[in-house]
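Here the protein sequences come in this chain order: A and B. For the first sequence, my numbering assigns the number 1 to the initial residue and increments by one for each residue that follows. For the second sequence, my numbering assigns the number 405 to the initial residue and increments by one for each residue that follows.
Think of the hints as simulated: they come from the structure by calculation, not from any bench. There's no promise every hint is true.
Claimed, not checked - Here are the simulated DSS-like cross-link-like pairs (lysine-lysine), alpha carbons at most 30 Å apart as the crow flies: (1) B/LYS469 <-> A/LYS88; (2) B/LYS789 <-> A/LYS62; (3) A/LYS100 <-> B/LYS484; (4) A/LYS10 <-> B/LYS530; (5) B/LYS714 <-> B/LYS492; (6) A/LYS329 <-> A/LYS339; (7) A/LYS88 <-> A/LYS62; (8) B/LYS714 <-> A/LYS65; (9) A/LYS126 <-> B/LYS530; (10) A/LYS196 <-> A/LYS339; (11) A/LYS196 <-> A/LYS10; (12) B/LYS562 <-> B/LYS733; (13) B/LYS504 <-> B/LYS414; (14) B/LYS466 <-> A/LYS62; (15) A/LYS34 <-> B/LYS733; (16) B/LYS530 <-> A/LYS34; (17) B/LYS669 <-> A/LYS10; (18) A/LYS10 <-> B/LYS484; (19) A/LYS10 <-> B/LYS469; (20) B/LYS669 <-> A/LYS65; (21) A/LYS385 <-> B/LYS469; (22) A/LYS126 <-> B/LYS414; (23) B/LYS789 <-> B/LYS714; (24) A/LYS65 <-> B/LYS562; (25) A/LYS65 <-> B/LYS466; (26) B/LYS438 <-> A/LYS100; (27) A/LYS385 <-> B/LYS466; (28) B/LYS414 <-> B/LYS743; (29) A/LYS206 <-> B/LYS414; (30) B/LYS466 <-> A/LYS265.
Unchecked claim - Example chain B residues on the side facing chain A (calculated, C-beta under 10 Å, incomplete): (31) GLU478; (32) GLY515; (33) ASP529; (34) ALA680; (35) LYS789; (36) ALA790.
We put the beta carbon where it would ideally sit given N, CA and C, even for glycine.
2 protein chains.
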Amino acid sequence: MSSVTEKFRKLGIDHAPGQEALQQKGSSVLIGEKLEGTPVDFSHGDVDAFEPLPGSLDSFVKGYKAGGRQAYTEYRGKEKIREDLAEKLSAFTGSQMNAKENIIITPGTQGALFLAMGSLIGSGDKVAIVEPDYFANRKLVEFFDGQLVPISMDYEGKNDRAGLDLEALEKAFADGVKLFLFSNPNNPTGVIYSEKEITKIADLAKKYGAALIVDELYSRQIFDHRNYTHLCAMAERPDNMVTIIGPSKTESLSGFRLGAAFGNKDIILRMEKLQAIVSLRAAGYSQAVLEQWFCEPEGFMDERILAHQKIRDDLIERLTKAQGVSARKTEGGSYLFVKLPPLTVEIGEFCKAVRELAGVTVTPGTEFGPQFTSHFRINFSQDAKAAGEAIDRLLLIMERYRSR
Amino acid sequence: MSSVTEKFRKLGIDHAPGQEALQQKGSSVLIGEKLEGTPVDFSHGDVDAFEPLPGSLDSFVKGYKAGGRQAYTEYRGKEKIREDLAEKLSAFTGSQMNAKENIIITPGTQGALFLAMGSLIGSGDKVAIVEPDYFANRKLVEFFDGQLVPISMDYEGKNDRAGLDLEALEKAFADGVKLFLFSNPNNPTGVIYSEKEITKIADLAKKYGAALIVDELYSRQIFDHRNYTHLCAMAERPDNMVTIIGPSKTESLSGFRLGAAFGNKDIILRMEKLQAIVSLRAAGYSQAVLEQWFCEPEGFMDERILAHQKIRDDLIERLTKAQGVSARKTEGGSYLFVKLPPLTVEIGEFCKAVRELAGVTVTPGTEFGPQFTSHFRINFSQDAKAAGEAIDRLLLIMERYRSR
Chain A
1 MSSVTEKFRK
11 LGIDHAPGQE
21 ALQQKGSSVL
31 IGEKLEGTPV
41 DFSHGDVDAF
51 EPLPGSLDSF
61 VKGYKAGGRQ
71 AYTEYRGKEK
81 IREDLAEKLS
91 AFTGSQMNAK
101 ENIIITPGTQ
111 GALFLAMGSL
121 IGSGDKVAIV
131 EPDYFANRKL
141 VEFFDGQLVP
151 ISMDYEGKND
161 RAGLDLEALE
171 KAFADGVKLF
181 LFSNPNNPTG
191 VIYSEKEITK
201 IADLAKKYGA
211 ALIVDELYSR
221 QIFDHRNYTH
231 LCAMAERPDN
241 MVTIIGPSKT
251 ESLSGFRLGA
261 AFGNKDIILR
271 MEKLQAIVSL
281 RAAGYSQAVL
291 EQWFCEPEGF
301 MDERILAHQK
311 IRDDLIERLT
321 KAQGVSARKT
331 EGGSYLFVKL
341 PPLTVEIGEF
351 CKAVRELAGV
361 TVTPGTEFGP
371 QFTSHFRINF
381 SQDAKAAGEA
391 IDRLLLIMER
401 YRSR
Chain B
405 MSSVTEKFRK
415 LGIDHAPGQE
425 ALQQKGSSVL
435 IGEKLEGTPV
445 DFSHGDVDAF
455 EPLPGSLDSF
465 VKGYKAGGRQ
475 AYTEYRGKEK
485 IREDLAEKLS
495 AFTGSQMNAK
505 ENIIITPGTQ
515 GALFLAMGSL
525 IGSGDKVAIV
535 EPDYFANRKL
545 VEFFDGQLVP
555 ISMDYEGKND
565 RAGLDLEALE
575 KAFADGVKLF
585 LFSNPNNPTG
595 VIYSEKEITK
605 IADLAKKYGA
615 ALIVDELYSR
625 QIFDHRNYTH
635 LCAMAERPDN
645 MVTIIGPSKT
655 ESLSGFRLGA
665 AFGNKDIILR
675 MEKLQAIVSL
685 RAAGYSQAVL
695 EQWFCEPEGF
705 MDERILAHQK
715 IRDDLIERLT
725 KAQGVSARKT
735 EGGSYLFVKL
745 PPLTVEIGEF
755 CKAVRELAGV
765 TVTPGTEFGP
775 QFTSHFRINF
785 SQDAKAAGEA
795 IDRLLLIMER
805 YRSR
């Protein structure tokens, strides 16, 4: 088999969030009748329930009307917008950056992740990722012919730290890992790394000369007034790192495809070189929408965060009433990673059955690490009432598949 | 040097169209005073001179207002839009396609090209490209660790064919080339492949089992009522091929970042898998704009094509008055590839000097093949008057650098 055939054989999307409509029907073992109710797609947030930032469409229209100078920006994004963004991201993270050298605007945070990984992974390079973590991380390492080194995160039952296995991380660095990538808050568990953990990660990366990609996509949505530590602001951070972030989640701007990466200028330059052959630039008119980001109306973000926190609490209450179901309480972001009791079918089959029988779409845990065979992930940025009812239906279906 | 460092060392963008603003000033040998006049950036079309398709902003706003179902489409693009597009592209090209399997919506035609190349090139695979052809082709082959096999196109002085070296192409296939990629109309020369050339390319690819990527980005802008042959509509075409196209050029929709690829379903599926980790999807709201494509008001495209044809004729007249300057008359698309007499500086230096002294940005020929050291490319989709004056200034500067 040629190298490219083998590569794409591994690169699956059937169970990826948002692709469920393409799955073939009738392949799963369906038990019982369908349950009526409003369909809920927990694979991603519902931008109808939490609408895009106010003013975002107006900014787009303004960008469109600005004409050619907005349509054709530098590959790394329009300079004026990078300047504005550099100021806002510096203030948010407490780190220093130069608009000319240290920042690139990307087509979504996914775009930032792809460019960063493509800029740092050479064929055969060892790359450490967390398990569980965002499902694309693993795929990207494989696509760029890197060698995957999973670091486990024992997140269950803790409240004061993520639970990353720091000894395993040090061993990985000592064994030649050149890049460590992690999301904070973690996707899919919603846990936040403690200041101690972040400090240790920064120290280790520096000690062993490894590069870091820190995915802070959900870092503006922190619950219960918890502390959040930006690795990029640590005094002892490694120089060879980038942070990625974007307005697709809490801010609901996913339909514009906007993201950003900031950090080491050599990495940013590589990312721009790659962007030039990948898709030239984030859509020019969309870039204009970034003026709304970090400039939300007074109280807007607080209100949005509180609304999500309430949905979280409601869903956890419903879920944990069921025997054998557990989930660590989300600390940041809109994900819940739910552990189920033993079932009579595999998790992928169960997710298909829930979709067909209850109109509820969830993502199998195995997308986040092969060992999560009893888990599913939901994005609870949804209409609160519909989400609660959907979880109740899911639990009714679960009882049909419970191992006795 | 690690494989990724080496890869990015080669992946340059300093001379790439649109990036000139990032070049350091003062490095070039400047002769004489600056010339006054409206600055013209010939590195890409001017969407202020030729505005986006009427209705495109309205379609975007409609897409935005449709909410979540438009923001989060399948990675290959929203099904309803693919259905509409499949019908329109079938009618335009005279080929058959199934909206479910044979088409993907991409972030620009650059996005389509990247995904197609990434889906077909394995490490070490031999890939044939044309010289001259679009500068990113070479970079993509190198990025995916392919082995570049250039096929020369002796385009000068012909009128009835592009001038591709078909014997060299057959030899390349016989020597194991697995993929052949070419643009038609050709970028940068604007020449069109004859029906004979297209038939032969199709036959050869089929005979040797090679894949084809046909870049038809400019195929809607054909001058002088010339014939244009879509390879995808040939009876004897190979099955293993995709055609790429998009509304960024003649239709001036570049600021929305939209493109499409259609063809073999296995290639399209791979492209979607890759899109899932590259940037998820073409911006959801932007996808809605595709309803305007191929649905232009009566006479709109004819008028736009004629306007470009007039600019072409004016610029060729100005250029060829100068001794030793030549260019084959553009047959399709908005590019002119201009050959200069011997100069006292290298072409890259000359282009920098023209930019600094005359406010005129052109792309050095060496971006399209290392042998084009006496050439530059312009995109003449510009304000007609400003373009004519800019070419006059460029020629005045050229005289300062002419070898005696």
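Hint check:
no., hint, in the structure
1, B/LYS469 <-> A/LYS88, "holds (28 Å)"
2, B/LYS789 <-> A/LYS62, "holds (27 Å)"
3, A/LYS100 <-> B/LYS484, "violated (41 Å)"
4, A/LYS10 <-> B/LYS530, "holds (23 Å)"
5, B/LYS714 <-> B/LYS492, "holds (28 Å)"
6, A/LYS329 <-> A/LYS339, "holds (12 Å)"
7, A/LYS88 <-> A/LYS62, "holds (21 Å)"
8, B/LYS714 <-> A/LYS65, "holds (27 Å)"
9, A/LYS126 <-> B/LYS530, "holds (27 Å)"
10, A/LYS196 <-> A/LYS339, "holds (27 Å)"
11, A/LYS196 <-> A/LYS10, "violated (36 Å)"
12, B/LYS562 <-> B/LYS733, "holds (10 Å)"
13, B/LYS504 <-> B/LYS414, "violated (38 Å)"
14, B/LYS466 <-> A/LYS62, "holds (16 Å)"
15, A/LYS34 <-> B/LYS733, "violated (66 Å)"
16, B/LYS530 <-> A/LYS34, "violated (53 Å)"
17, B/LYS669 <-> A/LYS10, "holds (18 Å)"
18, A/LYS10 <-> B/LYS484, "holds (29 Å)"
19, A/LYS10 <-> B/LYS469, "violated (37 Å)"
20, B/LYS669 <-> A/LYS65, "violated (38 Å)"
21, A/LYS385 <-> B/LYS469, "holds (23 Å)"
22, A/LYS126 <-> B/LYS414, "holds (23 Å)"
23, B/LYS789 <-> B/LYS714, "holds (11 Å)"
24, A/LYS65 <-> B/LYS562, "violated (42 Å)"
25, A/LYS65 <-> B/LYS466, "holds (17 Å)"
26, B/LYS438 <-> A/LYS100, "holds (27 Å)"
27, A/LYS385 <-> B/LYS466, "holds (27 Å)"
28, B/LYS414 <-> B/LYS743, "holds (26 Å)"
29, A/LYS206 <-> B/LYS414, "holds (28 Å)"
30, B/LYS466 <-> A/LYS265, "violated (39 Å)"
31, GLU478, "holds (6 Å)"
32, GLY515, "holds (4 Å)"
33, ASP529, "holds (7 Å)"
34, ALA680, "holds (5 Å)"
35, LYS789, "violated (16 Å)"
36, ALA790, "violated (12 Å)"
When held up to the earlier numbered hints, the structure conflicts with 3, 11, 13, 15, 16, 19, 20, 24, 30, 35 and 36 and fits the remainder.
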